[in-house]
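Participant: This is what each chain is made of:
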Amino acid sequence: MRRRKLLPKVLVGSVVGLVYLFLLAPVIVVAGASFDGGKSVAGRAFLQFPPSDLTLYWYENIQPRLWEALGVSVSVAAVAATVGTVLGVPAALGIVRSNLPGKTLIATLFRAPLQIPFIVIGIAFLQTYYFFADAVGFGLQGTFAGLALGHVFVATPYVVGSVGAALQRFDVRLEEAALSLGANRLTTFRRVTLPIIMPGIYAGALFAFMVSFGDVPISLFLASATYTTLPLEIFHGMEFDFDAAVLAISTVVLLGSLVVLYFIQRIVGLDVLLRSGGNG
Amino acid sequence: MKQALKHVTAGALAAAVVLALGAGSAAAAGKFEGVTLTVGTFGGSWKDRLCSVFCPKFEAEGGKVEWVLGNPKLLLSKMVAARGQEPPMDVIEIVDTTPGTMKGGFVQKYDPANVPNLKNLSPAFYDEYRVANWITEEGFLFDIEKFEELGLPRPTRYKDLLHPKLSGRVAFPDIDVNAVYGGIVGFAAEAGGDEHNIDPGLDLIKKLNVHSFWKSGTTVTQLHKAGDVYATIAHAGWAVRLNDGGVKVGMVHPPVKDKKGYAGIGYAGVTTGSKNKEAAEFYLNVLISDEMQELLHVKNGIVPPNKNVQKKYSDPAKLKLDATGTPFLMMKPSEIDNLYQLDWSAFDVKGWTRKWNRTVAK
Chain F
28 MRRRKLLPKV
38 LVGSVVGLVY
48 LFLLAPVIVV
58 AGASFDGGKS
68 VAGRAFLQFP
78 PSDLTLYWYE
88 NIQPRLWEAL
98 GVSVSVAAVA
108 ATVGTVLGVP
118 AALGIVRSNL
128 PGKTLIATLF
138 RAPLQIPFIV
148 IGIAFLQTYY
158 FFADAVGFGL
168 QGTFAGLALG
178 HVFVATPYVV
188 GSVGAALQRF
198 DVRLEEAALS
208 LGANRLTTFR
218 RVTLPIIMPG
228 IYAGALFAFM
238 VSFGDVPISL
248 FLASATYTTL
258 PLEIFHGMEF
268 DFDAAVLAIS
278 TVVLLGSLVV
288 LYFIQRIVGL
298 DVLLRSGGNG
Chain R
74 MKQALKHVTA
84 GALAAAVVLA
94 LGAGSAAAAG
104 KFEGVTLTVG
114 TFGGSWKDRL
124 CSVFCPKFEA
134 EGGKVEWVLG
144 NPKLLLSKMV
154 AARGQEPPMD
164 VIEIVDTTPG
174 TMKGGFVQKY
184 DPANVPNLKN
194 LSPAFYDEYR
204 VANWITEEGF
214 LFDIEKFEEL
224 GLPRPTRYKD
234 LLHPKLSGRV
244 AFPDIDVNAV
254 YGGIVGFAAE
264 AGGDEHNIDP
274 GLDLIKKLNV
284 HSFWKSGTTV
294 TQLHKAGDVY
304 ATIAHAGWAV
314 RLNDGGVKVG
324 MVHPPVKDKK
334 GYAGIGYAGV
344 TTGSKNKEAA
354 EFYLNVLISD
364 EMQELLHVKN
374 GIVPPNKNVQ
384 KKYSDPAKLK
394 LDATGTPFLM
404 MKPSEIDNLY
414 QLDWSAFDVK
424 GWTRKWNRTV
434 AK
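In order, the protein sequences belong to chains F and R. The opening residue of the first sequence carries number 28 in our numbering; numbering runs sequentially from there. The opening residue of the second sequence carries number 74 in our numbering; numbering runs sequentially from there.
If you are wondering where the hints come from, they were derived from the structure by calculation, not from laboratory data. Where is the CB? At the ideal position from N, CA and C, for every residue including glycine. It cannot be assumed that every hint is accurate.
Computed from the model, here is a short list of chain F residues facing chain R with C-beta under 7 Å [stated by the list, open to error]:
1) 148
2) 150
3) 153
4) 154
5) 155
6) 157
7) 161
8) 252
9) 264
10) 266
The shape of chain R in the complex, shown without the other chains (with noise of 0.2 Å):
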């Protein structure tokens, strides 16, 4: 009987020993074990930035990132390549420049109650398809001193660039760079039309003179160090590293149409046929997150669609000034939301390139 009894605890220990390993192994197995989510995003310091925060969240669930770099032109042609296959990335970037990205229906609608930091975005911001994960400022950065040499006023518009002391000395992006629509846009604007007629825009930009189209922001800065130009067309981001690196500029956000300010802006989709839906849109959630919309912001000096990081650092404390103290960058919710947005519509890359080919760049 004893002998018995000591097999019977024996045995339910084992038992509840099994039973424990079970659960525990259940407990560590997270929501994504085994999957391999595909990010389409920028390379560099960007991606490092974003696996800072998502890589560990993501692994802590089970699941491994892998991903696919390259500007948001390079990761269309990819899935374009692709074309009836597998999409080579789950979660894709999309920009303004990218307008096939949605056109060619390569997004696929994400389902919101996975992307509960929604709440913290601004309706103008998101869509069924896609979450905007950044928002530059473009509009025109200005060297202060030269202004001032020159006896200018500060500007507050796009046609102020016209005044002849500065002909020849203004840099404008060049017609694939994701800057270009921006100004674009804002010069059509001043002169009566706007994407949807571009032209009047485009004529205004050829009286500039321009001294040179650029590709890369690194140009930005070597144009203004050298002092070869006084203003470019560029977001305010490039303002603040200027001015971090000791060339005294300002920014200007001018007005369009009723709006103050254009909003470039960066999104993320989840691609069409992929395969890991909800860790993709668990993606989407944490890249609008506060911690990595605060990152993004302080490190990368994005403007971020997140509210709370919007208004944490829209504290007049926080904001980086001008040397004339004035702020570089527009970070209340109120203005953020008051910047113009570009009607995709409206958007032929084809038929602006053409035209800008034929009014600018002859």
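One chain only, chain F, in its complex shape (with noise of 0.2 Å):
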């Protein structure tokens, strides 16, 4: 009988182990790699996992290029994430709670970038710089803001989506409780929408971020010397050879990211996002 009720469990554990190992063994192989002070070192040929000596050796030779694309691509993500979310969540209210006509055609068009190949979108907004320099006399390529700008593009619909999500659920009659209470539709929005829909922008950002922190095909056309992501950094150098200064600041990312959760678990739950349904 005891048997019975184990098996499930050990058939559970199993799966859901092996669903672990195969989402973290990446993580695993390149934080172990980076410290490999084997052949590594000596050849700069390859990844070394299990490491066959422990050393710090990478850390200490990360190229000041890569902390400068670490600065950029953070600085880039956060502006895509904050503009997207400025622009996100008026679009989100307008698409749900509006009687616009077309609406359906608006909702689709905020989804279009999400359709749209990046890399097509990289070359599209470089040809539409370069319009604009011939035009104007003064062109976004190469610049922070051309590049942000065309992250912006990609990040919004992932607030759109998100925030749309948590209006579609939300229950209007607290909205009209509180107006019925005398509070004004500023108020109400202030203290009764936002906070409920908090969720859902919190994930949208948070999915934006992470788009354009990852993001190598918009960035291959918009960046430029000065304004490299760290992505494409890495990108351009392992098409010469291969660093592990590579894996050992991809593992101080990784680290980056996990005390970034570590606070938003301790400032406003981790389970906020999962209440925004976690999708776009």
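Using the hints, put the two standalone chains together into the complex.
Facilitator: Below, the structure written as structure tokens:
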């Protein structure tokens, strides 16, 4: 009898364990290999996992350009997430709440950036910048603003989708109750609507940040030597030789993400992301 | 009178100081004062090394360098995107896989008088539009120990890779990787064809039962280190890196028609419409200088088109040897001049890709 109860638990546990292993294996390999002090140090040729001997050599030899690129990536992603949120929240409110004619078309247009290959977006933005440069004598190609604008374009739909989903589930009777109790529209939005859709805003902003932070195709065309993102810097570097310092900086990014998640948990609670549905 | 003399002396002194200051600032103003040169080239350590030699020289002349980074395909696509407007870079990197850079008219003729270091290049490595700044010796590398285990002699030709014991153990570059053309032309030449007729080569490659088609050199090292493949079509630089990393590999430079080995060549050219042509030519000159070429050879493993550096590093004592005592690279100027070079007029990226997809990648 006990064995019959135990078997499903073991099976479920095994499946869950395998799924976790599948999800975490690349992270473990990258982090583990970044401490390798074996042949990689001498030959700079390959990724060694498990590490043959432990060293911080690669951490001490992260090139300044990787740190600079990390700074650019964080800045661009922060701008994309912030501007995407500022644009996306009112857009979601308009799409869900208004009675605009052609609402469905507008909603589709806001999703469109996600249906265009990012590489096409990169080329299209670059051509647009060149066009404006030719027309008005000033273009955004190679500038931080030009790079960030391309990222905002693909980041905003995530906020629209996530906040839109939160608004769809929203019980409008709560707003009606606030209004009937004397609150004006602004106070009702600030004290009732915003706190309830906040998980959707957090989730959307986080997705926007992640999409921007990990992007290569758009940055390929819009970045410059001064404003190169980390994934792009790694991509360029890997074309020539394998430098295990990229594993070290990737591990630093991983640890940084864990710290950020810890603070999100402490300040707002990770459950807000789950409550939002965690989707776009 | 005394007072007047005092005034005259003071005035003369002031004038002398002003003149001296003026002359000083004129001397400080370099040849490229106020010029911003935009160079399109590879990123990573490549750009860092180019800048370590070029930037101080250019800045000493009053100029400023900006970089547009990416592989030659990306650089070409940026040129295409900016077509009709000012080019996004003054200098562009060109390789075999981007014939569009030349055919599309994106490169203009340079003035050889501004590139005096051309005298150190063999005429095979420059023309009136572009200057070679790196060469890779394309061929194939093989695992010395695995070949010994299998009882196979040291290979000398591409066809040696067709041995049944190597079936499924050879890695080949994918069709969009620059190294693929050396392999295709090499196999074709051994089967009676060449770049004008690659079909016999593709048929042979099909028979290899290729283990995998690699896109990045990093994959080559991983495949060999894991023991998954015993031979790979690649340039000699990867053989050196693998050897340094502890995998005993040797490099083979098979004959291609009447030549030995195949040259993958990277060129630089001045873009059409560049407003900084003279500064771009200054860059080309530094690019092929002894100092730059030696640095790129030693640190990035390229074969230098510069003959002075070739001679210096063809000294047997300076050649890197594999576990059997055979050099990885051919470094004598006569050997480098004897590398097979693709006839660009016969080169058709789309056509070759179509044939590859129909024959090899099927």
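Participant: Work down the list of hints and note, for each, if the structure agrees.
Facilitator: To see whether the hints hold, each was checked on the structure:
Taking 7 Å as the C-beta cut-off, the interface hint given for residue 148 of chain F is violated, the closest approach to chain R being about 13 Å. The interface hint given for residue 150 of chain F is met, as the beta carbon of that residue sits about 6 Å from the closest beta carbon of chain R, less than 7 Å. Here the hint on residue 153 of chain F is kept, as its CB sits about 5 Å from the closest CB of chain R, short of 7 Å. Contact between residue 154 of chain F and chain R, as hinted, is supported at the beta carbon level, the nearest pair being about 5 Å apart and thus within 7 Å.
At about 10 Å, the closest approach between the beta carbon of residue 155 of chain F and any beta carbon in chain R exceeds 7 Å, and the interface hint on this residue is violated. The beta carbon of residue 157 of chain F comes within 5 Å of a beta carbon in chain R, closer than 7 Å, and the hint placing it at the interface holds. The beta carbon of residue 161 of chain F is positioned within 7 Å of a beta carbon in chain R (closest approach about 5 Å), and the interface hint is therefore held. Hint on residue 252 of chain F holds. Least Cβ distance to chain R is approximately 4 Å, under the 7 Å limit.
Against a cut-off of 7 Å between C-beta atoms, the interface hint on residue 264 of chain F holds, since the closest Cβ of chain R lies about 4 Å away. Residue-level restraint check for residue 266 of chain F holds (minimum Cβ-Cβ distance to chain R is 6 Å; threshold 7 Å).
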